[in-house]
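Protein sequences, first through last, are from chains P and H.
Counting in our numbering, the final residue of the first sequence is number 222, and the numbers go up one at a time with none missing.
Counting in our numbering, the final residue of the second sequence is number 222, and the numbers go up one at a time with none missing.
One thing to keep in mind: the hints can contain errors.
Identical chains blur together in the list; that is why a pair holds if it fits in one copy or across any two.
[Said to hold, decoys possible] Lysine-lysine pairs mimicking BS3-like chemistry, simulated, CA-CA at most 27 Å apart:
no., residue 1, residue 2
1, K165, K213
2, K144, K213
3, K83, K165
Derived by calculation from the structure, the hints in this document are not laboratory data.
Only a predicted model underlies this, so the values are computations on that prediction, with no experimental measurement involved.
There are 2 protein chains.
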Amino acid sequence: MLKKENVSLSVIRRLPRYHRFLADLMRSGITRISSKELSRRMGLTASQIRQDLNCFGGFGQQGYGYNVEQLHREIGVILGIDKQYPAIVVGAGNIGRAIALNFDFSQMGFEMIGIFDINPSIIGMPIRDLTVADVAGIEAFCQKHHPRIAVLTVSRSAAAEMAEKLIHLGVSGFWNFSHYDFSVKYPGVIVENVHLSDSLMTLCYMVKDLSEKGTSIEVLKD
Amino acid sequence: MLKKENVSLSVIRRLPRYHRFLADLMRSGITRISSKELSRRMGLTASQIRQDLNCFGGFGQQGYGYNVEQLHREIGVILGIDKQYPAIVVGAGNIGRAIALNFDFSQMGFEMIGIFDINPSIIGMPIRDLTVADVAGIEAFCQKHHPRIAVLTVSRSAAAEMAEKLIHLGVSGFWNFSHYDFSVKYPGVIVENVHLSDSLMTLCYMVKDLSEKGTSIEVLKD
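Same shape as in the complex, but just chain P (with noise of 0.2 Å):
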């Protein structure tokens, strides 16, 4: 696969969006899709999406369109989800426990390998085939198993200190669901932060524009 160098940011947070639409067409029993069917489908434009692919090389032939299996595989490939990097959860309380639980780490690049939480009525819960374990043998756990991502889901006043720390300890990726944004202050570490109150208060701007311009809602059936 021919990748170019420095792919934007933004065309890389559109892959898993690629990959999930064909996905979801794997299941609908389709094979084979056109940019442009694909385009309309993701409400894209069909040269935004060859655009795209084409950073990867491209895949398609002109006329033929896409083979939706492999470009799916092929998404999959250049996204990384093969491989399984050694991954902890820091912070079992309602929103890491949701997390753990949720997602299959599996599918998406990572193999889960601790969780943590400071809590003793959290610590010894099992969830999947992992037990809670105290945030005071975290050290000792990364020098022995060094997990190369953290998700971190503790409060903001521990997050500072428990980033460092673990940044100190080899780990070199987090998905960053404290109210911490750490990015800044350590810019070689990747930090993908879910700021979920940020998309809350956008949801509400938006409600609230909405409003105001008083447009009316179409509901559009197809």
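Using the hints, position chain H against chain P.
Just chain H now, with coordinates in the frame of chain P:
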């Protein structure tokens, strides 16, 4: 407050981030900040910050910086988080419960008025000051209480039908955690998608990309 027409979505998406950083400054007792210092903390350029805020008529005085508390409050008003749009959670599984338990919706523009699920072992469960209700009663509930917003955390297979039903019952904004993307189908409805698995796959790509480039990780101290 003077507001430009058609503020771009990328500006809007930065507003909650400003709001968050300003709240941090308030917690640290900082009352006034220059766009330069704010830009350093946020990892944006000072010119970007001035441009963004100018979309809403501008704040702050040349040479004096921004009044932190005032800017925080005014951004909150722009976002509409002083409103109380009636909202419901549909799907009270792990993710739905974690969302309902962890977010103070009333601080983000919403009043949570109902939580629904289909699972008899979850129906009746207390969550904050609400009780999980049977989703069979959702139509009657909506006709009586007119929720404007739904947090959708049902399965992909249930999402299409549920979204359509809720839209016809007057719901005009969705915080969508389901894996079904209906924003293309209903262009007049506000759909704020939270595709956590897209975020996780993006993290995977970035970690893989970092490994392949063999970039050493610089830990900056400040």
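Subject >> Hints violated by the structure (numbers, ascending) >> reply: none
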